Structure formats: structure tokens, C-alpha cells
Amino acid sequence: MIKTRDLKKTFFGRGQTVYAVDGVSVNIKPAEVVVVIGPSGSGKSTFLRCLNGLETLTSGHILVDGVDLADRKTDLNKVRREVGMVFQQFNLFPHKKVIENIVLAQTIVRKRKHKDAEIKARMLLEKVGIAEKEQEYPSRLSGGQQQRVAIARALAMDPKIMLFDEPTSALDPEMVGEVLDVMKNLAREGMTMVVVTHEMGFAREVADRVLFMDQGKLVEEGTPEHFFTNPQEDRTKLFLKQVL
Amino acid sequence: MAASTERYFAVKSPIKRVWHWHFLTFVILFSLAASLWVATKKIDYTWRWNRIPQYFFYNAETLLHAPLDGQVLTIDAGGGTAKIVFQGEDGTQKIFKVDSESLRVDTGEDLFEGDTLGSTSEWKAGPLMTGLLMTLWLSAAASFIGLIIGLISGLCRVSNNLTLRSLSTFYVELIRGTPLLVQIFIFYFFLGTVLDIGRVVAGISALAIFAGAYVAEIIRAGIQSIPKGQTEAARSLGMTATQNMIYIVLPQAFKRVLPPLAGQFISLIKDSSLVSVIAITDLTKSGREVITSTFATFEIWFTVALLYLLLTSILSQLISWIERRLAISD
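So the sequence lines, in the order shown, correspond to chains G and Z. Going by this note's numbering, the first residue of the first sequence is number 1, and it counts up by one from there. Going by this note's numbering, the first residue of the second sequence is number 245, and it counts up by one from there.
I should point out that these hints are in silico values taken from the structure, not numbers from a laboratory. Just so you know, not all the hints are guaranteed correct.
What the hints assert, rightly or not - Below 27 Å or equal to it, Euclidean Cα-Cα: the simulated DSS-like pairs (lysine-lysine) are: (1) G:8 with G:237; (2) Z:327 with G:133; (3) G:160 with G:3; (4) G:97 with Z:472.
Bear in mind the structure is a predicted one, so any value in this text is a computation, not a measurement.
Just chain G, with the same shape it has in the complex (with noise of 0.2 Å):
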């Protein structure tokens, strides 16, 4: 479904050189919850920005259903409606109610009917749990209400892999729950999901694969149980001591 080869994104700022992904390769296969886990800043979030072309590489090759992101001539907005993607801080739209967030991108990018875009909302509202919401303003919603509906939203188009970044670190604790409840009803539908997460105990119930990140590079990948209980490199065992 999606496989890296050496992916590398370098950024440049005030004379420094910051490899924010360095080399990495994965294969994520059709129906696989992947898991990516690390401490702040070893560019996770930049490696999952990458693969739905958020950010340029620098060098490498991401194939998505065997199109390449690095090719010139891939239309990167062909690929990104296969690609739903969910972040930390919900991006909904805030000048459109929860429905025509919804609905928008349906109608302008699938040109689907407005009436069958709005079926399809009411379908995905429900759902995910906040059917009765659909007519408020994104601003009278909860975070946990919001970022349940920015799920719907990127699940409206129907997509083949969803991405989420980060999506319950910016969530009043409380309202965690009911997000992760959301994305493992996915998982367990068959959805392929990346899954940028602090969340261990999501990572340790719903992954097929977990991967650690350090300092840009892939230092170590397996299943949870492996992870999580016989972890071989030192880097994981420290990170694993401190978050556990």
C-alpha cells in the first residue's frame, strides 16, 4: 500500500542542517495498523507529513498504491484523496458548519451531488458518534467532538490509507477515550492506518506493527509484543522506561 525507500527530508534553518527524517524504509501492507512511537522531535510527524506529500522530500521514493511522490509529474492531489489525514490540532473549517465541513471537499474534489455528499456526512456523523451536531459551528464543539468530526471528514473521501498525526495530544484528558474509540472501530473494519501516537497502551492493544523513531532514523520496528516486552536496542528500552 505505501512503501518508503530511504525517505530523507532535511530542513535548513539559521545555518544548521536538521535531518528531520533520515532514511527510512517501510512497507505498510493493506489492512495494517502501524503504530509510529518516539521522543519529540525525531521526526515522526515530519515522516507521516511526507507520505501524504505535506512536505517535499529531499531524496528517496514514497510509493503510494505504486504512484511515486517523488516523480514531478504525480499529481499530488490525485494521491492526497487517498490519503485522509487527521491532525493534532483538528484543522476543521471554522467558517463551515460540522456538515459542510463535511460535505465541502466531497462536492470540489470527488464532484459528488450535494445531496449525496450530505448523506454521506450524516452517515459518517453518526458513526463517529455526534449525529446531533451536525448543524453547530466547529467552535461549540469539544476538542474530542471536533476531532471526531475531522475523522469523518477525512473518512468522507473515501480513502485508502488514513494518517493521523499526533491526534489525541492536544485533548483534555477526558476526551481521549472517545477519539481512540473512533480509531480502533477503524482498525477493526480494515482500514490501513499510520498512527503517530503517545498513546502505548492504543499502540499495544490495536497495532500490527510499532515503529521507533529516534533522531530521524527507524532504530527499531515489530509487533507490540515484541516492542513492548523483549525491545532489543538500547535507545527503545530507555524510552520505553520513560513513558512506561
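Guided by the hints, dock chain Z onto chain G, whose structure is given.
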């Protein structure tokens, strides 16, 4: 979003009494007006406010004359207008309609060419009214064109294309760095001669291009004030850069730039008075013309100021109404 946006409320205590503050405001304003009145008393100026209304509207009288020698056949004086049937020496009949009160002829009366039959009257717009309309037209047209120019060059200012960015920066710096009065002269005397355009077109263009530069900066600031996450969310849904601009960024930016835009257009209404230097009869020029025939200098300038104030306050009311309507998503 909500977490990152700070809002400020004016805290009003419900039990606090405010009437004495209103009273103080009134006293200050009243004493200002009173001191003005005393000041004009001292310079022995005769106020003639009663002369002003006729420069808004006046009753224009048109005299009707017999076109050639002849005779009045009949007069039908029903209602307010009288119908005169007139027969010339050569046998042609003509019908004239005049106001009954102004009728100067009788039935059967012989007339010579040029004799007055009567007169008609109608209400006409005076110079202050036509000047006001001209100012309104100048500022409306210049605002509209200026908004479009400003929108385009504001978008160019945030474009990825270096040439577009440089050109729009050059435009903004050029226009903001030179006086409007000089720009108007250049438009009229240079461009007006080279391109053979009329004075009103030259005036509107100068004002529009002047306003456009400021609007461009306002639009640029508005676009840049929208969080990057909005664009990222839009792009991640597969929207193109253009769709993102049209559906996501500009609607939000527009709401934020409304107050500074309002200020700009209010300035434009007032700046439009400068075009009177190229002999466009706007409100200011009309005022000057009326003064030359009435010598009611004080009254006219006060009236002109009041009319500008009227235009600008209607505009600011309109914009604050739009602002309130857009605030529903807050």
C-alpha cells in the same frame, strides 16, 4: 482553533449606573457648540442657513413662448395645468401645456412671435446634490475597482511566483510612496493626454489604483493570518491550491480584514475630494462653486462636511452589519 484564538470582551457590570457619564458627555459637547456660537458672534457673521436648501433642490421655471404670430383658439384650464390651443398665421395648430397659475393669455387673444404664454416648473437637483451624487459615484466605482485590484495584487503578494511577488511589491511601494494628489495630476495630465481619457475616468482610475495598493496589503495580511493548518487540512483532502484559496482561506480572511477594509473605503470617500483639482464637480468642488455665488462660506463648508460624514457613517453601519452577520460562526 478555539484554544489558540484569544478573545477580549468588554466587561459590563449590569448594576453600574451610567447616566451621569452620558450627562457629562452631553455637557462637554454642548459647551463646545456654545463656544463655537460665541466665536462666530464675535466676528459679526450673518448666518444664512435658509439659503442652503435651494442648492440641493430648486424649482426651475421654463417660460413658453409663441413660436410665430397667431391667435389663441381655446384654453382648457382643468386642474393644475392649462392646455392652450394656438393657431399660427399659416394655419398650423399647436398645443401648449402650462401651469394654470402662470397663464398669461386669454381665449381669442392675438399674439406676436415671442409673446409669453405661460410657464412650466419642475424640481431639479441643485449643485450640492449633483456634487454628492458625483462623489458617491466616484467612491463607489473606485472602491469596487480598487477591491478587485487589491484582491489580485494581494494574492500576487503571497504567490509562489517570484515575478508576480516582485511586481505586486513594486506596485504597492510605488503607490504608497507617492502623494495621491500627485498621482491624480499624473493620471489626468499625463495618462489623460496620452491615452485620451476623460477627467472622470482619470479620477476614478487614480483613486482605484491608490486604494488598490492599500487593499492589497490588507488582503495579504488577512491571508497570512489564517493558520497554516487550514491549508494543510484542505490540501490533505485533495483540494487544489486554488480551491483552498476560494473555499477555505479567502472566506476566513475576508471576515478578519473587514474592519481595516472599512477604514480604507471610508478614507477613499474622503480622499475623493482631491479630484476636484482636475475640475471634476464632486461635492467639494460644488461647495466651492456655491460659495462663489452666495458667500455663505461657513454654512456651505459645514454642510459639505456633514454630507461626507453622512456617506461615511452609512458605509460604516453597512460594514458593521456584515461583520455581525459573519460573526455567527464564532
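Against the structure, the hints come out as follows:
Distance hint between residue 8 of chain G and residue 237 of chain G is fulfilled; the C-alpha atoms sit about 25 Å from each other, no more than 27 Å. With a C-alpha separation of about 73 Å, the suggested pairing of residue 327 of chain Z with residue 133 of chain G is violated against the 27 Å cut-off. Between residue 160 of chain G and residue 3 of chain G the CA atoms are separated by roughly 14 Å; this keeps the pair inside 27 Å, and the hint holds. Restraint check for residue 97 of chain G and residue 472 of chain Z: satisfied, since their Cα atoms lie roughly 20 Å apart, inside the 27 Å limit.
Taken one by one, the earlier hints fail for this structure only at number 2.
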